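Chains as they are written, first to last, in UniProt numbering: chain A, 1 to 110; chain B, 1 to 242; chain C, 1 to 588; chain D, 1 to 113.
Read the hints as simulated data drawn from the structure, not as lab findings.
Some hints could be false.
[Said to hold, decoys possible] DSS-like, lysine-lysine: derived pairs with alpha carbons at most 25 Å apart:
(1) B/K81 / C/K335
(2) C/K551 / C/K562
(3) D/K58 / B/K81
(4) B/K88 / D/K4
(5) B/K82 / C/K335
(6) C/K254 / B/K82
(7) C/K254 / B/K81
(8) D/K4 / B/K231
(9) C/K335 / C/K254
(10) B/K186 / C/K254
(11) B/K82 / C/K562
(12) C/K93 / C/K569
(13) C/K569 / C/K551
(14) C/K348 / C/K254
(15) D/K58 / D/K4
(16) B/K125 / B/K186
(17) B/K82 / D/K37
(18) C/K254 / C/K124
(19) B/K186 / B/K231
(20) C/K254 / B/K88
(21) C/K348 / B/K82
(22) C/K93 / B/K125
(23) B/K235 / B/K186
(24) C/K329 / C/K348
(25) C/K124 / C/K160
(26) B/K81 / C/K348
[Unchecked claim] What the simulated footprint calls covered on chain B by chain C, stretch by stretch (three residues with Cβ under 8 Å from a Cβ of chain C suffice, anywhere in the stretch; the number is not a length):
(27) 43-57
(28) 195-209
This one's a predicted model, so the numbers in the text were calculated from it and none came from an experiment.
Cβ atoms here follow ideal geometry from the backbone N, Cα and C, with glycine treated the same way.
Here is what each chain is made of, one letter per residue.
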Amino acid sequence: MLGVRLYMLQRLTALIMAPLTLGHIAVMIYAVQGGLSTAEILSRTQGSIWWLLFYGSFVVAVSLHAAIGLRVIVHETLGLKRPALNILTLVVSLLLLFMGARAVLAVTLT
Amino acid sequence: MSANCDELEVSVWRGDRLSGHFEVFHVPAQDSQTILDVVSWIQQNLDATLSYRYACRVGMCGSCAMMVNGVPRWTCRTHVKKVMNGNKLEVAPLRNLPVIKDLATDMDPFFDKWIAAEGLHHPTKTRDEPIETINPDSTMRAEANAGIECINCSVCYSACDTVAGNVDYLGPAALQRAWTLFNDAKDSGQNAILEAVSGAGGCHNCHSQGSCTVFCPNELNPMKAIAELKKATTKSFFKKRV
Amino acid sequence: MQMASDIERHDTDILILGTGGAGMFAALHAQQTAPEGTRITIAVKGLIGKCGCTRMVQGGYNVALGGGDTVERHFMDTINGGKWLPNQDMAWKLCEQAVVRVRELENEVGCFFDRNPDGSLHQKAFAGQTADRTVHKGDLTGIEIISRLMEQVLSRPIEKLQEHRAIGLIPTKDGSALAGVLFIDMRTGKFRFIRAKCVMMGTGGGPTMYKYHTPSGDKTMDGLAMALRAGLPLRDMEMVQFHPTGLLAGAHTKMTGTVLEEGLRGAGGYLLNSSENRFMFDYDQLGERATRDVVSRGIYTEMRKNNTSENGGVYISMSHLGPENVRKKFSGMVKRCADSGFDLAGGKVEVVPTAHYFMGGVVVDPDTRTAMEGLYVAGEDAGGAHGSNRLGGNGVANSTVYGGVAGDIMGLDLRKMNAQRDPDEAVLSAEVVRAQHPFSRKPAIIQALRHTLQEAMWEDVGVMRTRAGMERGIARVSEISDELMTIGVDPSNLAFNLTWHDWLNMRSLCDISSVIAKAGLVRENSRGAHFREDFPESGTMESSFFTVARKTRDTVEVSREKVKFSIIKPGESILPEGEPETLVEAKL
Amino acid sequence: MIRKHRAHPLWFAYALHRLSGLALALFLPAHFYILSKALTQPESLDNFLTLTESPMVKLAEFGLVFLLAVHFLGGFRLMAMEWLPWSDRQKTFAAVAVAGAFLVSGLFFLRVV
Ligand SMILES: Cc1cc2nc3c(=O)[nH]c(=O)nc-3n(C[C@H](O)[C@H](O)[C@H](O)COP(=O)(O)OP(=O)(O)OC[C@H]3O[C@@H](n4cnc5c(N)ncnc54)[C@H](O)[C@@H]3O)c2cc1C
Ligand code: HEM
Ligand code: SF4
Ligand code: F3S
Ligand code: FES
Chain A
1 MLGVRLYMLQ RLTALIMAPL TLGHIAVMIY AVQGGLSTAE ILSRTQGSIW WLLFYGSFVV
61 AVSLHAAIGL RVIVHETLGL KRPALNILTL VVSLLLLFMG ARAVLAVTLT
Chain B
1 MSANCDELEV SVWRGDRLSG HFEVFHVPAQ DSQTILDVVS WIQQNLDATL SYRYACRVGM
61 CGSCAMMVNG VPRWTCRTHV KKVMNGNKLE VAPLRNLPVI KDLATDMDPF FDKWIAAEGL
121 HHPTKTRDEP IETINPDSTM RAEANAGIEC INCSVCYSAC DTVAGNVDYL GPAALQRAWT
181 LFNDAKDSGQ NAILEAVSGA GGCHNCHSQG SCTVFCPNEL NPMKAIAELK KATTKSFFKK
241 RV
Chain C
1 MQMASDIERH DTDILILGTG GAGMFAALHA QQTAPEGTRI TIAVKGLIGK CGCTRMVQGG
61 YNVALGGGDT VERHFMDTIN GGKWLPNQDM AWKLCEQAVV RVRELENEVG CFFDRNPDGS
121 LHQKAFAGQT ADRTVHKGDL TGIEIISRLM EQVLSRPIEK LQEHRAIGLI PTKDGSALAG
181 VLFIDMRTGK FRFIRAKCVM MGTGGGPTMY KYHTPSGDKT MDGLAMALRA GLPLRDMEMV
241 QFHPTGLLAG AHTKMTGTVL EEGLRGAGGY LLNSSENRFM FDYDQLGERA TRDVVSRGIY
301 TEMRKNNTSE NGGVYISMSH LGPENVRKKF SGMVKRCADS GFDLAGGKVE VVPTAHYFMG
361 GVVVDPDTRT AMEGLYVAGE DAGGAHGSNR LGGNGVANST VYGGVAGDIM GLDLRKMNAQ
421 RDPDEAVLSA EVVRAQHPFS RKPAIIQALR HTLQEAMWED VGVMRTRAGM ERGIARVSEI
481 SDELMTIGVD PSNLAFNLTW HDWLNMRSLC DISSVIAKAG LVRENSRGAH FREDFPESGT
541 MESSFFTVAR KTRDTVEVSR EKVKFSIIKP GESILPEGEP ETLVEAKL
Chain D
1 MIRKHRAHPL WFAYALHRLS GLALALFLPA HFYILSKALT QPESLDNFLT LTESPMVKLA
61 EFGLVFLLAV HFLGGFRLMA MEWLPWSDRQ KTFAAVAVAG AFLVSGLFFL RVV
């Protein structure tokens, strides 16, 4: 249930996420060492267009990547087929996109 | 005949498309004995209705494959001693194919997918023209040769969990054949092949589980062939878009 | 029990039996030559392309492709190899058309045969050939040929009836033509009758009535037994080719009898008897490198002297050539032996002569037509092309060439045939009754009887023959045949019932076994594969005759017919004057 | 179920990649949910973050980092197999990816504790 397009999308989003995840982990390590608080996190991120772009692109990528991944898993283990499978993929990716967007906005907007 | 009088305890799957169960038989152990010998012995001496399939008995035709102790194998060339578990054996029909009866499966889906993957020659010449001169050492030819000795036994097909979960997935053998043809200088089907392996059941569904390569009795490497197809389709994906 | 009236019936235009080289090529060619809309059906005892012996071809495919070799030379080798018994027109067409067929295999079907470094086809010489002629794909040539043909057939709109066993050729009421073929759909156990305007039979003979044999398990002489019952003349039925080195691993394993490749002897392998002596030089100055029939007889003689290995054969030993070397050069064989528990590279492996190929078959003309309108026969089922011996590499050439010829001819003949013919319902019912015979008897173990038959044929109608032996053989076969009729099969579940098919296999084997022995009695000389201890001479080539067996009512009559030297007479050659006898060193 | 035909390294690598992907995909919404609280109820995020001091949570964090790392490295292994010239050492690469994931997550764990 994975044509070349979805395959490419999954791989490309993975490639996009790769540096972003590394960056995120770096920040986390740094943050954890400093002892973490809401205020500290927010003070760093809020109002920064760069962080918005950083986490925003991660959210876009991961919502596609994970939705495709789940699509495959659901198809192979639960036997769900098209068109239900397409709807599922869409719903999952929109849901992740929505939740992710909310989170990103929460931490980057003032 | 030098028989040692030990006995094998053989569980054999009995049933049809819909249902079945294991049945236990006791078979005299012999010095040189293959799984196929054991199965035939049961049919010829204990239960006349046991169904299974074989033809060449030397690993060339690929019609005798079964699940032996949970693993797909060619039975005519699997020595009992190699797989025996104590004195126990379990023999079942190949996984991932519909069962016709007992140990015989319907291999049509496997071959339908072989053709669906464009696993057939696309001629560039006729019988009235001379045979093409082809350098046997060229990289393309080496690539084509790597998978050419496939006996379409379906062992890889039944080892693969992606096949189990995804009814449309063309499977390792068909995709390997497509890759072989893709590298055949005489074949004009490159585009058709790329198209065929890029669809909903194509090479992109493979998760590189590698069971195909582990179990292929001819030591072929379908996993690699599939990875190469992914590479080729990726290339053509970007070429088309720029 | 099913009655003749509940036979499933359907019609087609062209019906093909078997998916070896003959069957597949017939299907492809028929599709190319028949008018648009022609229905083509291919029916086979196993799965398409996965049964029969074409897939098992190791050494390769004979074809004269230049480089000094010519069709004429190939033809002369074929006639000499067949000891002047071949039908010369058939042999000629075989050699001539092989050239086209091999181009077709490469260019249209997509086979890839081994190449020389310069990119041209690699050719080697099998025994009995005077040129490097054999095209091959490693030592697994058959897999390449049949897999590629299978793909072509599977991808075409051809009706496919797999696991359909032909059990009777059903003529029209007046007996002048073939109406159709009766099958058992093996998966369900039901009878199916298919009417067709043209039928090609390519069920591939198969001398599996011998204790040791090489062909695939599905081949049991069904085609020739059907042809015999239908009253068709069969020729050269005494000619059974033995391969000298079949694996010997005991009667309980199907590995026994399978071929250990010819090249082992060619490369310098030793044949040893129980006292580790290289005995072949006692029989021929070429030792292990003598031709198949000579080596087979050498081994057989040694076996009769009881100089035998553990399981009653002799040993082949390669280790003196260096185990590593052997492992590299014969990797396929070494691996196969290892899978069976034997060490070919470093140890000794037991071997025995094994029945390999059947030269005899239905009398056909060079267009594959038979005495019965609507029936065509090609491949190992057809007699005539090889005479008394088949050259290594001529088998697959024969089946692919003549399968294609049959397809072409049927495509043309079809245009002259208006409709399917009606069968003689009495014959149809009789065939159903025949197949159901065991259902009314008490079940017993059939395999034991098969072993008895194989033992009888091996001992009395085998590698070396005498009148007394063959007469004894005929009596033994007849007893076995009678006993078979008392053995039953439980009819409660006929779906994929192999035991029923074992019974039917035995029926065909018994019928043809006795014809082999009877034809053997009629040939009171020794030619090629047929060796008479009581008539060791070959007779003059000018006086060559071939045997023709025919069933009339309940007896089989065998007669002699003079060979027509339609192209070349004994002592002559069609090679131009001054051509060298041989272009290659004599080797295997 | 680990059936016999699955008992080999590359199949385990596949299973690990799938399970880690699945776990990450399930974890992600929760992660997003908590972060989004920053907008509406900053205190609850703080409460949550104090929780991260507890050892159980540390362990869970280690797990999370491991999952991410093993999926990450496994993902690169797959893309390398698919797009770079073929190598016969796929088993080694899979082992290296898993070992690397342990290393990274272990380091993370140790630094944090
Ligand atoms: C081990 C081995 C090695 C060989 N090596 C060589 C070689 O190197 N070179 C060479 O030239 N020749 C070789 N031969 C010989 C060669 O294989 C045969 O001559 C040739 O393949 C015969 O082709 P065919 O189409 O007539 O029959 P086959 O290929 O045997 O096909 C017969 C078909 O008919 C089917 N059939 C049988 N009975 C029935 C029935 N009742 N109803 C329906 N279908 C039926 C079978 O299932 C099969 O599909 C070898 C043979 C063997 C056994
Ligand atoms: C953190 C967020 C991520 C989530 C939630 C996630 C989730 C998933 C899921 C659910 C799958 C499907 C697994 C399967 O098919 O078996 C998957 C597959 C995949 N992931 Fe991720 N992933 C994430 C990050 C990454 C990263 C950073 C990479 C790359 C470096 C990556 C590379 C891949 C690849 C290559 C596949 C395809 C595997 C296959 O086809 O077998 N993923 N991912
Ligand atoms: S690739 Fe190997 S296992 Fe798969 S069908 Fe071919 S020979 Fe059998
Ligand atoms: S086992 Fe299946 S998932 Fe791919 S690598 Fe082989 S086809
Ligand atoms: S019987 Fe042909 S491969 Fe086993």
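How the hints compare with the structure:
For a cut-off of 25 Å, the pair hint linking B/K81 to C/K335 stands: about 16 Å separates their Cα positions. With a C-alpha separation of about 20 Å, the suggested pairing of C/K551 with C/K562 holds against the 25 Å cut-off. Taking the CA atoms of D/K58 and B/K81, the gap is about 51 Å. The hint is violated against a cut of 25 Å. For the hint pairing B/K88 with D/K4, the CA-to-CA distance comes to about 15 Å; that is within 25 Å, so the pair holds.
Restraint check for B/K82 and C/K335: satisfied, since their Cα atoms lie roughly 14 Å apart, inside the 25 Å limit. Between C/K254 and B/K82, the direct Cα distance comes to roughly 17 Å. Compliance with the 25 Å bound is thereby established for this hinted pair. For the hint linking C/K254 to B/K81, the alpha-carbon distance of about 16 Å falls within 25 Å, and the restraint holds. Restraint check for D/K4 and B/K231: not satisfied, since their Cα atoms lie roughly 31 Å apart, outside the 25 Å limit.
Only pairs whose Cα atoms come within 25 Å are accepted, and C/K335 paired with C/K254 is accepted, the gap being roughly 17 Å. Simply put, B/K186 and C/K254 have alpha-carbon atoms about 39 Å apart, too far for the 25 Å limit, and the pair is violated. Under the criterion of a C-alpha separation no larger than 25 Å, the hint pairing B/K82 with C/K562 is inconsistent with the structure, at around 56 Å. A hinted pair counts as satisfied when its Cα atoms are at most 25 Å apart, and C/K93 with C/K569 qualifies at roughly 17 Å.
With a C-alpha separation of about 32 Å, the suggested pairing of C/K569 with C/K551 is violated against the 25 Å cut-off. Taking the CA atoms of C/K348 and C/K254, the gap is near 20 Å; set against the 25 Å cutoff, the hint holds. For the proposed pair D/K58 and D/K4, the alpha carbon gap of about 36 Å is over 25 Å, so the pair is violated. At roughly 8 Å between alpha-carbon atoms, B/K125 and B/K186 fall within 25 Å of each other, so this suggested pair holds.
About 61 Å separates the Cα atoms of B/K82 and D/K37, which puts this hinted pair outside 25 Å; it is violated. The straight-line distance between the Cα atoms of C/K254 and C/K124 is roughly 31 Å, outside the 25 Å bound, and the hint therefore fails. Note on B/K186 and B/K231: the hinted pairing holds, with a Cα-Cα distance of about 21 Å set against a maximum of 25 Å. With a CA separation close to 21 Å, the supplied pair C/K254 and B/K88 stays within the 25 Å bound.
Only pairs whose Cα atoms come within 25 Å are accepted, and C/K348 paired with B/K82 is accepted, the gap being roughly 21 Å. Of the supplied pair hints, the one linking C/K93 and B/K125 holds, its CA atoms being roughly 23 Å apart against a limit of 25 Å. Distance restraint check for B/K235 and B/K186: the Cα-Cα separation of roughly 22 Å lies within the 25 Å cut-off, and the hinted pair is therefore satisfied. This hinted pair checks out: C/K329 and C/K348 have alpha carbons roughly 17 Å apart, not beyond 25 Å.
Taken as a hint, the C/K124 and C/K160 pair is broken in the structure, with Cα atoms around 36 Å apart against an allowance of 25 Å. A distance of roughly 20 Å separates the Cα atoms of B/K81 and C/K348; the hinted pair therefore holds under the 25 Å criterion. For the segment 43-57 of chain B, the assignment as covered by chain C holds, since 13 residues bring a beta-carbon within under 8 Å of that chain's beta-carbons and 3 suffice. Taking a C-beta to C-beta cut-off of 8 Å, the segment 195-209 of chain B contributes 0 residues in contact with chain C, too few for the three needed, and the coverage statement is violated.
Hints 3, 8, 10, 11, 13, 15, 17, 18, 25, 28, counting from the list given before, are not met by this structure.
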